[in-house]
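There are 2 protein chains.
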Amino acid sequence: MQKLSDIKEIKLEDLKPDAFIKQQIKEISAAVGKGVAINALSGGVDSSVVTMLGHRALGDHLRTVFIENGIMREGEPERVVKLFKGLGVKVELVDAKKEFFGALKGLVDPEEKREAITQTFYKTVFGRIVRESKAKYLLQGTNYTDVEETVAGIKRQHNILEQLGIDTKKEFGYQVLEPIIQLRKTAVRKVGKALEVPEEIYNRPPFPGPALATRVIGEVTPKRVATVRKATAIVEEELQGTKAFQWLAILHQDKVTGIRANKRDFGQQIEVRCWDSKDAVTGTPTELPFETLTRLADRITSEVPGVVSVTYNVTKKPPSTIEAI
Amino acid sequence: MQKLSDIKEIKLEDLKPDAFIKQQIKEISAAVGKGVAINALSGGVDSSVVTMLGHRALGDHLRTVFIENGIMREGEPERVVKLFKGLGVKVELVDAKKEFFGALKGLVDPEEKREAITQTFYKTVFGRIVRESKAKYLLQGTNYTDVEETVAGIKRQHNILEQLGIDTKKEFGYQVLEPIIQLRKTAVRKVGKALEVPEEIYNRPPFPGPALATRVIGEVTPKRVATVRKATAIVEEELQGTKAFQWLAILHQDKVTGIRANKRDFGQQIEVRCWDSKDAVTGTPTELPFETLTRLADRITSEVPGVVSVTYNVTKKPPSTIEAI
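Going down the list, the protein sequences come from chains A and B.
Just so we're aligned, residue 6 is where the first sequence starts under the working numbering, counting upward by one.
Just so we're aligned, residue 6 is where the second sequence starts under the working numbering, counting upward by one.
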């Protein structure tokens, strides 16, 4: 493997997408030869572009899995699998909801929840699939921002094979391929477009890795995820027309008093955030029309069971952050 | 004592404030004679009007106490005592912060918190003062809405003397005087004006009995009350010019991620509510200018230690309620 600090960015203005694609296909083919490669598709831009590059290079020799962790947005797993089917790529849908919710049970600390999801993904689920497969080649969607953040010490550097529970001292011949490691997100999107993946994939707004678990304050249970998933669907539907950078719904743990059918109802609160931002480093709340805000509240409190109160966040970043946890 | 259901309302249009005041002074004087009466002043309209009626009737024979429970708004106890001093009424300020915070310690359930405050007020603090005083006459600010709600079963009917820990089977001669029991709030305000109390008293917006404890989700500690008190002062200052029905700041228990000096800061959230309403039975969130909302967030996150996030509630009542707990 290359030393991280030796990796050179291919800048957007220097990127020739078609030549880049040709080169990566050539390199993947040369590396894997007649072997079998495996990769995990999440439906985000990076893993989608890597899947397409791998598919073009290896065809049936690439095994692509989509891991349903139970904390994704409404209809997400089916949508991604169907979309890639339309592109001629067979994706295996692996139901791992039980493993993820089992690992999240009882956890309320944001860091512990994040760690449980990472561990379950790599070690328990994807690790098992890789170890049980004959695949010795792993395609990974590491991008140049990941490299930079690792070098800067913002992200911890992980040995992916170790994370997957593969003992490289005992088992030889594993190889990790990172075809988009020299590209930042905008360059990845450009390659995605050139690969002819649909715009809804290559122009997808960012979404956090731990998915809806990031949007639940307190314990992440199937019921609480179902609540925030419904609220998220409403927020995305109502706000997709805005030119904002990102919009989200957060389920609080605090209960608040509500009233239903003239009876006191101690219910839940959903917080809506919508950000104007260029780079997520700083941000300001989007000035949404007041009727949009009250319509969001009306819809969420009537369509999402148990929710009696909806707020809109009006704080800048800093001191706030884009996500709540 | 009269039967509650026999009490007749004096309607606003039938109220002759000067005649009413004269009549009540006469009745209080006749009842107390050369004895001593006692009352608790909270600074709200009802207890202020009762204090003035008692003062006019009894002068030095009325002992008025203001109980500082530690959960009031900024500067409230001093302000009320000073204001009544200006009206010639001597008010004893009783510091009972320790008793109240002691009773609230560890409580998170809204009903238990409310009950602890009520019990501490009546039994522990005011009860002790009444029992230790020679006063056999108690002036109370019960109004006609209290009567109605008790008759309708919305409020529990309390025997005030029993609540104060006075065993009326053993100790005789106690008498409770309720000079404004036939009046609703608007009529009480009219009497207040005729009594020449300042408008900031007789036109005071409603404020919940358990004060800032109602504005703290979770445990009510001196530190958490100090947080919501600062936020409340900012919200009241910024929103007093609006024509809204009520405005409030709520401290959440949920923590959210913030960022301060480039470091992750797991901090607190303040929720702002501002209501358009006629009667508090239904309400809609006030359409505040967006710059007012962001200024509130800027001020609260910079002036209130520990707060990194501010939201504005956009839900109608129902299904929301005016207060959060």
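To be clear, the hints were calculated from the coordinates, so they are not data collected in a lab.
Glycine residues also receive a C-beta, built at the ideal position from the N, C-alpha and C atoms.
Some hints could be false.
[As the list claims (entries may be wrong)] To give a feel for the contact side, a few chain B residues facing chain A, derived at Cβ under 10 angstroms: (1) E276; (2) P323; (3) S325.
task = Enumerate the violated hints, using their earlier numbering and listing them in ascending order.
result = none
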